[in-house]
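The primary structure of each chain is shown beneath.
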Amino acid sequence: MILILRALAALIGLLLLIVVAAAGLAAAIFSLQAGDGTLSLSQLASLLSLHGVRDSVSGWLTGLEADGPVAVVAALSGAGAVLLGLGLLIGALVPRRERLLIIERSAQGVLSAKRRAAASALGDLVQQPRVVLAAKVRVLPRRRAIGGRARVKLVHAQTAEASRVLAAARGASEPLAEQLSLRLRTRRRAPRRAPRVS
Amino acid sequence: MPERVQRPASGRVLLARLAERAIAAQDAVGATAGRDGRWVTADGDRLIDGVVVVAAGRRLDVELHVVAEWPPEPLQQLAARLRGELELSASYCGLSDQLGDVDVAIDDVCERGDTGVVR
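Residue numbers (my numbering), protein chains in the order written: chain A, 1 to 198; chain B, 1 to 119.
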């Protein structure tokens with residue numbers, strides 16, 4: 001739930017920024033001239049048909065003041081807006097908590113590791129075989145349970161046999177992965193060929 | 001200038017001090033306050049890095065945030081040694097009835113002999 005609220009707050013914040021920036025830019029451009037000039041605010045109002053909007057909205061606003069279905073809709077919309085605002089506030093203000101990799105849970109307490117620490121240690125191990133040129137490790141812990149998954153992307157020398165590279169990398173990293181209760185998924189990629197210099 | 005009054009340390013602070021010593025007694029780990037200095041316990045004028053003591057009912061749960069040396073020894077053994085050291089010193093000080101869970105969090109891994117510096 002909090003993830004949805006956080007994503008919604010980020011999206012609405014971004015959209016609002018874009019809208020405010022566009023409105024500010026339009027207002028600045030249409031303030032260059034005074035009176036009824038092409039770049040005047042009255043011209044901007046007529047371009048946006050604000051007079052027509054006022055005419056159509058005025059009837060609705062009159063209905064809003066009186067009791068009736070319009071007032072009910074307005075009250076429900078207001079309550080909805082308040083709830084949405086509270087949700088966005090929660091999404092924006094609740095601190096982000098990093099998900100930890102739980103290694104062991106016992107009566108004495110919990111042993112855990114940060115994702116970055118686990119990924120760094122695994123990354124060092126999978127790069128030990130000489131045929132591995134680079135590695136990228138991503139650790140995805142389970143939400144509450146022990147362990148998780150580790151995705152390893154290897155870049156190996158073109159001369160090396162793919163199966164040998166994978167076996168070497170897995171052999172080097174599996175003891176630690178088992179210790180961390182991580183399920184390893186290893187993928188390989190040959191290095192991109194550098195452009196030839198003529 | 002008025003003389004500063006030394007108040008007796010609370011059980012929370014005493015446990016944090018013992019936890020600090022338990023971490024310092026290990027070769028392969030160092031305490032870390034984390035990137036934004038969140039994992040600390042105030043002990044008078046100073047802060048105890050890497051130790052957070054939280055009341056859980058009548059007991060005090062202790063969180064130890066450590067940086068492990070590379071290559072890491074089996075982490076379960078490391079956690080067991082840290083807990084054992086803390087439980088032993090807590091029992092010497094008569095605090096074992098206050099000591100609750102001892103959680104160990106590996107915050108980072110660093111080069112050997114460099115546990116004070118987060119990689």
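Derived from the structure by calculation, the hints contain no laboratory data. C-beta: ideal position from N, C-alpha, C; glycine also. Hints should not be assumed to be uniformly reliable.
Said to hold, decoys possible - Residues from chain A that face chain B, not an exhaustive set, calculated with beta carbons under 10 angstroms:
(1) 27
(2) 29
(3) 42
(4) 45
(5) 76
(6) 77
(7) 114
(8) 117
(9) 184
Stated by the list, open to error - Covered stretches of chain B (in silico footprint by chain A; criterion: 3 or more residues with CB under 8 angstroms from a CB of chain A, positions within the stretch not fixed):
(10) 73 to 79
(11) 98 to 108
Hint check results:
Evaluation of the residue 27 (chain A) hint against chain B yields a violated restraint, the C-beta minimum of about 40 angstroms exceeding 10 angstroms. Proximity of residue 29 (chain A) to chain B is violated relative to the hint, the smallest CB-CB distance being about 43 angstroms (cut-off 10 angstroms). Against a cut-off of 10 angstroms between C-beta atoms, the interface hint on residue 42 (chain A) is violated, since the closest Cβ of chain B lies about 52 angstroms away. A cut of 10 angstroms between beta carbons decides the hint on residue 45 (chain A): the least distance to chain B is about 49 angstroms, and the hint is violated.
A least Cβ separation of about 42 angstroms between residue 76 (chain A) and chain B goes past the 10 angstroms threshold, and the interface hint is therefore violated. Proximity of residue 77 (chain A) to chain B is violated relative to the hint, the smallest CB-CB distance being about 40 angstroms (cut-off 10 angstroms). Interface hint at residue 114 (chain A): satisfied, since its Cβ lies 5 angstroms from the closest Cβ of chain B, which is below the 10 angstroms cut-off. Restraint check, residue 117 (chain A) versus chain B: the minimum CB separation of about 5 angstroms is within 10 angstroms; hint holds.
With its C-beta approaching chain B no nearer than about 17 angstroms, residue 184 (chain A) sits outside the 10 angstroms limit, and its interface hint is violated. A count of 4 residues in the region 73 to 79 of chain B with a Cβ less than 8 angstroms from any Cβ of chain A is obtained; the coverage claim is therefore met, three being the minimum. As drawn, the region 98 to 108 of chain B meets chain A at 8 residues by the rule of a beta-carbon pair under 8 angstroms; at three or more, the given contact holds.
The structure shown violates the earlier hints numbered 1, 2, 3, 4, 5, 6, 9.
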